[in-house]
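So the sequence lines, in the order shown, correspond to chains G and U.
Reading the first sequence from the start, the letters are residues 1058 to 1264 in my numbering.
Reading the second sequence from the start, the letters are residues 1058 to 1264 in my numbering.
It is possible that part of the hints are untrue.
Where chains are identical, the list cannot tell them apart; a pair therefore holds if satisfied intra-copy or between any two copies.
[Stated by the list, open to error] List of simulated lysine-lysine pairs, PhoX-like, C-alpha gap at most 25 Å: (1) Lys1061 / Lys1169; (2) Lys1204 / Lys1085; (3) Lys1120 / Lys1108; (4) Lys1189 / Lys1261.
These are calculated hints, taken from the structure and not from any lab test.
Residues per chain, in single letters:
Protein chains: 2
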Amino acid sequence: MEKKGILIVISGFAGAGKGTVVNRLREKYEGYALSISMTSRNPRPGDVEGKNYFFVTREKFEKTIAENGLLEYAEYCGNYYGTPKAYVEEQLEKGNNVILEIEIQGATNIKKAFPESLLIFITPPSAAELEKRLRGRGTETEEQIGKRLGRAAEESAGMDTYDYIVVNDEVEKCVDEIHSIIDIAHREPVRMKTFISELQDQLKVYK
Amino acid sequence: MEKKGILIVISGFAGAGKGTVVNRLREKYEGYALSISMTSRNPRPGDVEGKNYFFVTREKFEKTIAENGLLEYAEYCGNYYGTPKAYVEEQLEKGNNVILEIEIQGATNIKKAFPESLLIFITPPSAAELEKRLRGRGTETEEQIGKRLGRAAEESAGMDTYDYIVVNDEVEKCVDEIHSIIDIAHREPVRMKTFISELQDQLKVYK
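Excised from the complex, chain G in its bound form (with noise of 0.2 Å):
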């Protein structure tokens, strides 16, 4: 079988907890890198340099633009959210997956830069779910939560652009499906070329 990793976008709506998910395949499951983006906006409260996201200015931000370097980049609030190249292509030719956590109009763009990249979105059951996670979380002011609230439904219009839809509902169950889903992925004739065309070749003797 192919060696080669499988870029995976994972949206979703801010409090569908995607950050919980993301962190339990990878401690479940191996052969997980996380593609750590890069940003123009402020560190919020806990943010770590390099772990969270590379914290840039606008301009080193434009400078990498101009310089090719990011696999996709967005606006979203006024700031720059982007993913740099490099390193993404480096895990990939390794065999392991790449997990881009990214905004619905940067898994687009993934998608259509790389067809082959797996688009999962993460969704709550349900809209009261969302909200009563939202409010959970507690580093957000009503404003704020208001303003996501609005943005999810936005959002939601996007859901059918991705291969998968994944409920969390339960953490466990949600991170055993995103990891069957990639396993299954790795079936699809587009990442069996070596296979199909050793077998082709195989076969040619008995025409």
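Guided by the hints, dock chain U onto chain G, whose structure is given.
Same frame as chain G, but now just chain U:
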């Protein structure tokens, strides 16, 4: 979640072990119904009417085509093979997954008529293994084995038109992989339409 079953097409070279895999899948997991094909070929030793096939005359087959009673049909080695429509639709509505074990020509026709169907190609790990299994069946002459291998060489050109390629090396592993493929297919947006539109409705109040 939606309850509708998935139409699954299973193809593979003669000798790939399709029959064994499909039987074991139905034994091990619930919710699978097997579609029984109609054919104008003569029964072979061991063939059971209404189990392996519905055996009919060419005239009866052509009448069924004319009455639009088949999901798809194809002519292969001088005989008609087709899928009676009514039973398949009834099972899908009930929430059962329906398995069609058909040739590549029929598979392509099914995918055109039902883009949501899932096409799975079962293959042995190598051409040498395929030849070994065909001889091991002991049901065919050398000439017939030669014909089947020649046919496999031709069919291998169409492997990449399938949604998934599953290597039948160990039956249990192959069966579990097929079951995972079908399970995971329920997470594709096309099969989560009700969930998505309900969530979109719930989120509208936040816009």
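Evaluated hints:
1. Lys1061 / Lys1169: within (19 Å within a copy, 31 Å between copies)
2. Lys1204 / Lys1085: neither (33 Å within a copy, 48 Å between copies)
3. Lys1120 / Lys1108: within (22 Å within a copy, 68 Å between copies)
4. Lys1189 / Lys1261: between (61 Å within a copy, 16 Å between copies)
Checked against the numbered hints given earlier, this structure breaks only hint 2.
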